[in-house]
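Asker: Residue strings, one per chain:
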Amino acid sequence: MHSQIDKTGIRIGMWLFLYSEIILFGGLFVLYAAYFHRYPEYFADGGKELNRIIGSANTLVLLISSFTVAASITAIQRNAKKKAVGFLLFSLLCGVIFLVNKYFEWGAKIHHDIYPNSETLVNGEPGISIFFSLYYVITGLHGLHVIIGMVLLSVSLVCILSGKVTAERFSLLDNSGLYWHLVDLIWIFVFPLFYLVL
Amino acid sequence: MTETQSFYTISAPPGMHGIKAWLLTHDHKRLGLMYLAAVLFWFFVALFLGLMLRTELMSQGKTIMEPELYNSVFTLHGVIMVFLFVIPAIPAIFGNFLLPIQLGTDDVFFPRLNLFSWYLFMFGGLFALISLFWGEGFPDTGWTFYVPFSVEVDTNVGLTVTAAFILGMSSMLTGLNFVTTFHRKRHKDMGLMQIPLFTWSLYATAWVQILATPVISITFVLVILERFLSIGLFDPDKGGDPLLYQHLFWMYSHPAVYIMILPGMGVISEIIPVFSRKSIFGYKAIVWSSMGIAVAGSLVWAHHMYTSGMSDVSVFIFSLLTFLVAIPSAVKVFSWVATMYKGSIEMTPPLLLSLIFIYLFSVGGLTGLVLGAVGPDIHVHDTHFVVSHFHFVMFGGTGFAFFAALHFWWPKMFGIMYKFKYAYVGSILAGIGFLFHYVPMLILGMQGMPRRYYDYLPQYETGNFLAGIGAYIMCLGIVIMFVNLALSFRKRVVAPADPWGGTTLEWKVPSPPPVHNFIEDPILPDFPYDFSGITDSVTENTDERV
Amino acid sequence: MEKQEEHHILSYKKLAMVLATLVVLTGITVGVSYVDLGFFNVPVALAIACIKVTFVLLFFMHLKYEGPVIYLSFISTVTFLIIMIGFTFFDVAFR
Chain A
215 MHSQIDKTGI RIGMWLFLYS EIILFGGLFV LYAAYFHRYP EYFADGGKEL
265 NRIIGSANTL VLLISSFTVA ASITAIQRNA KKKAVGFLLF SLLCGVIFLV
315 NKYFEWGAKI HHDIYPNSET LVNGEPGISI FFSLYYVITG LHGLHVIIGM
365 VLLSVSLVCI LSGKVTAERF SLLDNSGLYW HLVDLIWIFV FPLFYLVL
Chain B
93 MTETQSFYTI SAPPGMHGIK AWLLTHDHKR LGLMYLAAVL FWFFVALFLG
143 LMLRTELMSQ GKTIMEPELY NSVFTLHGVI MVFLFVIPAI PAIFGNFLLP
193 IQLGTDDVFF PRLNLFSWYL FMFGGLFALI SLFWGEGFPD TGWTFYVPFS
243 VEVDTNVGLT VTAAFILGMS SMLTGLNFVT TFHRKRHKDM GLMQIPLFTW
293 SLYATAWVQI LATPVISITF VLVILERFLS IGLFDPDKGG DPLLYQHLFW
343 MYSHPAVYIM ILPGMGVISE IIPVFSRKSI FGYKAIVWSS MGIAVAGSLV
393 WAHHMYTSGM SDVSVFIFSL LTFLVAIPSA VKVFSWVATM YKGSIEMTPP
443 LLLSLIFIYL FSVGGLTGLV LGAVGPDIHV HDTHFVVSHF HFVMFGGTGF
493 AFFAALHFWW PKMFGIMYKF KYAYVGSILA GIGFLFHYVP MLILGMQGMP
543 RRYYDYLPQY ETGNFLAGIG AYIMCLGIVI MFVNLALSFR KRVVAPADPW
593 GGTTLEWKVP SPPPVHNFIE DPILPDFPYD FSGITDSVTE NTDERV
Chain C
-10 MEKQEEHHIL SYKKLAMVLA TLVVLTGITV GVSYVDLGFF NVPVALAIAC
40 IKVTFVLLFF MHLKYEGPVI YLSFISTVTF LIIMIGFTFF DVAFR
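Chains as they are written, first to last, in the working numbering: chain A, 215 to 412; chain B, 93 to 638; chain C, -10 to 84.
Bear in mind the hints are in silico, worked out from the structure with no lab data behind them. Check before you lean on any hint, since a few could be wrong.
As the list claims (entries may be wrong) - Cut-off 27 Å, straight-line C-alpha distance, at most; resulting in silico cross-link-like pairs (DSS-like, lysine-lysine):
{"hint": "1", "chain 1": "B", "residue 1": "K280", "chain 2": "A", "residue 2": "K221"}
{"hint": "2", "chain 1": "B", "residue 1": "K370", "chain 2": "B", "residue 2": "K583"}
{"hint": "3", "chain 1": "B", "residue 1": "K370", "chain 2": "B", "residue 2": "K434"}
{"hint": "4", "chain 1": "C", "residue 1": "K3", "chain 2": "A", "residue 2": "K323"}
Claimed, not checked - Pairwise CB distance ranges (calculated):
{"hint": "5", "chain 1": "B", "residue 1": "I615", "chain 2": "C", "residue 2": "K2", "range": "32 to 38 Å"}
{"hint": "6", "chain 1": "C", "residue 1": "I40", "chain 2": "B", "residue 2": "R544", "range": "15 to 21 Å"}
{"hint": "7", "chain 1": "B", "residue 1": "P617", "chain 2": "C", "residue 2": "H(-3)", "range": "34 to 40 Å"}
{"hint": "8", "chain 1": "B", "residue 1": "L321", "chain 2": "A", "residue 2": "A322", "range": "28 to 34 Å"}
{"hint": "9", "chain 1": "A", "residue 1": "K297", "chain 2": "B", "residue 2": "D329", "range": "53 to 59 Å"}
{"hint": "10", "chain 1": "C", "residue 1": "T68", "chain 2": "B", "residue 2": "S400", "range": "51 to 57 Å"}
{"hint": "11", "chain 1": "B", "residue 1": "K434", "chain 2": "A", "residue 2": "I219", "range": "49 to 55 Å"}
{"hint": "12", "chain 1": "A", "residue 1": "E263", "chain 2": "B", "residue 2": "M538", "range": "17 to 23 Å"}
{"hint": "13", "chain 1": "B", "residue 1": "D329", "chain 2": "C", "residue 2": "F29", "range": "32 to 38 Å"}
{"hint": "14", "chain 1": "B", "residue 1": "I615", "chain 2": "A", "residue 2": "G377", "range": "41 to 47 Å"}
{"hint": "15", "chain 1": "B", "residue 1": "E160", "chain 2": "A", "residue 2": "I219", "range": "55 to 61 Å"}
Think of the CB as a built atom: it goes at the ideal place given N, C-alpha and C, for glycine as much as any other residue.
Looking at chain A on its own, in the form it has when it is part of the complex:
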């Protein structure tokens, strides 16, 4: 009935999807809240085991990548295709850095026998075990979302290069951007809840 693309409608659809993602993590935050209430001291102890430097670095990396994604949307709207591609490539690089950091962080923890159902955790305090179970589940799910976000950004990148995403039709990039910001958004909460609990 109407041939014009309804960008606002597409964005509404994407936001609705993001709500479901927020609630998906929300279920885990319910568990975090309840267990934090039960084991505050152990959560503080567990938090001290995590590396604040890596955590802060990852926060900065995600914030910067969020900025570059937003900037690439500005660029495409201004028809600066090369700039948009550059910004996106940089965002993808940030994503890779984040995941590499995460890999070393998890690796170090697993090396110290701290992972779900490990000897140390099973024989140690229940509060610590719960803290690390939550840590692995939440950061794991978050990491999965980083990967999905990177796939979406890569697809957008290819579409910019092949001319499918343009200044008039950039909903794909817009939505991938929204998804990427959501990943950042969740990390903004994950960071203080795990790395900075006292």
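Based on the hints, put chains B and C in the right spot on chain A.
Answerer: For chains B and C alone, coordinates are given in the frame of chain A:
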């Protein structure tokens, strides 16, 4: 309108033929019918399983199956009925078919996503089927998958919760599609208070689908992680709390109850005014009560957990909040009855089924108050009383609303009329059978017969036997109903565009509708339930020709 | 159908300023975490996180320039999340 222009003959996107035109379609109407086929298949499977359960319980000791099989069968009955019938039935079938037409537009906002949802639905069903025959067999946990049992048991819990996860995603995406369609594709002249009530109820439902479904998704992910990695989040040995599983589970599954009933209420709100030839009483009250139910329904989940050992404060607050839900539901029942008051009532099968709905739903709602109050609930918790209560709501409510919708929109969907006589016979048998089936269960529950038990004490035998008889009568009624509908294909009696004298937009287009729903821009009435122009009675239009 | 909103174009400068704010706030939240505020440890950390999230939402995610459908529904989602966590505490806090 000639047959050649209907959506059956022209595919969307154009140029596809045969089975491909169905499997790759973007047409919301075809998808609605594809959901109908899949959902009916599962409905009859689960109906048969339910009948087998009642047959087993008709006499003490072993009647037809072993205890282990019984446990699997009641789980399977619950899982199929909840995830593959009651939740998708009305939104996915009638919502898909009618929502765009009622909004005066050509399709949903994301047609390809709509097709994807259907595939997810089929895929989820396939997973459930595979889990039946693979490995240790179907779970015997009940559809609630409570930990710690669901984590420790050997049966295929992992695969089954994966199926439920996929089905949840399908339902969530349908909701997403409906909300976007509602906001962005509504006819430009249609104001918020001119939208048909069925569409309003779907809108309220869609919100619950979007916001509540992810909770169950993550809960099931945790169950799977718990099974394979023993993360210990619900394991008391490792500091976990099994009650939090119940919180998360009901955080979705209680709102899901409203995903089930709200569209049913929407169907009834459409049918009652049409056959009363009278504008719906309290249009705005019904709209607000739909939204009110969606909101209030999200606040009451822990009333399933009074006896689980949660805090007394929580028991008190959730009991209080539970009573709040009764208010919007009662507003609706009141409005339906008030609509019929002094109306020019025309009896038809859809109206009869709607009346049965109102009666059964009211019983379900009132027994719900018994359970919502803490004192009586502790007495009847986990007994047959609970089973009977939620069947009154789920089956007597949503199930009969589904039958009513099927009889109401059958001429629109297929362009043919069915025989009223057998529809009446089927409905009445189903209604009477229903009462014979579930009223004894209410009494058994009060006497203390627990749910999900394979065997029972001698004093419960009479009640269980009667319930079994009722189940057979009910199933006979349902079979007659569907055979009658199926026979309408054999002796095709062509239905006019508006066989009932309805006023909403779907009755302004031919039956079955053309591929893009409207040939020309529809003219919108100021109010969707204005019957001043309708003079024909239903019988003149149809019954004589049948 | 509701009207088509114009997609607002944010300047690089504005985006960079938002990023600077976010980085400063991250610095503050890390700094504060070394000070023991007793009961206020968690509320302060969460408050800073909420401010950061608000900036991301309003500017990076363009929420400031969206129509009522999106921001009202976003508020509903957050409300539901708060209910999920809050109402669970009727149980866990009083057990």
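Asker: None of the hints should be skipped; say for each whether it holds.
Answerer: Hints, verified against the model:
Distance hint between K280(B) and K221(A) is fulfilled; the C-alpha atoms sit about 17 Å from each other, no more than 27 Å. With a C-alpha separation of about 33 Å, the suggested pairing of K370(B) with K583(B) is violated against the 27 Å cut-off. At most 27 Å may separate the alpha-carbon atoms for a hinted pair to count; K370(B) and K434(B) meet this at roughly 9 Å. About 39 Å separates the Cα atoms of K3(C) and K323(A), which puts this hinted pair outside 27 Å; it is violated.
At about 51 Å, the beta-carbon gap between I615(B) and K2(C) misses the expected band of 32 to 38 Å. For the hinted restraint 15 to 21 Å between I40(C) and R544(B), the CB-CB distance of approximately 50 Å leaves it violated. The supplied range of 34 to 40 Å is met by P617(B) and H(-3)(C), whose beta-carbon atoms lie about 38 Å from each other. For the hinted restraint 28 to 34 Å between L321(B) and A322(A), the CB-CB distance of approximately 19 Å leaves it violated.
At about 56 Å, the beta-carbon gap between K297(A) and D329(B) stays in the expected band of 53 to 59 Å. Checked against the hint of 51 to 57 Å, the C-beta distance between T68(C) and S400(B) comes to roughly 26 Å, which is inconsistent with it. At roughly 50 Å, the beta-carbon separation of K434(B) and I219(A) lies within the given 49 to 55 Å, and the hint holds. Checked against the hint of 17 to 23 Å, the pair E263(A) and M538(B) fails, with Cβ atoms roughly 55 Å apart.
Distance hint check for D329(B) and F29(C): the Cβ-Cβ separation is about 34 Å, which falls inside the suggested range of 32 to 38 Å. Distance hint check for I615(B) and G377(A): the Cβ-Cβ separation is about 43 Å, which falls inside the suggested range of 41 to 47 Å. The hint said 55 to 61 Å for the Cβ distance between E160(B) and I219(A), and at roughly 56 Å that hint holds.
Hint compliance for this structure: hints 2, 4, 5, 6, 8, 10, 12 are broken, all remaining hints hold.
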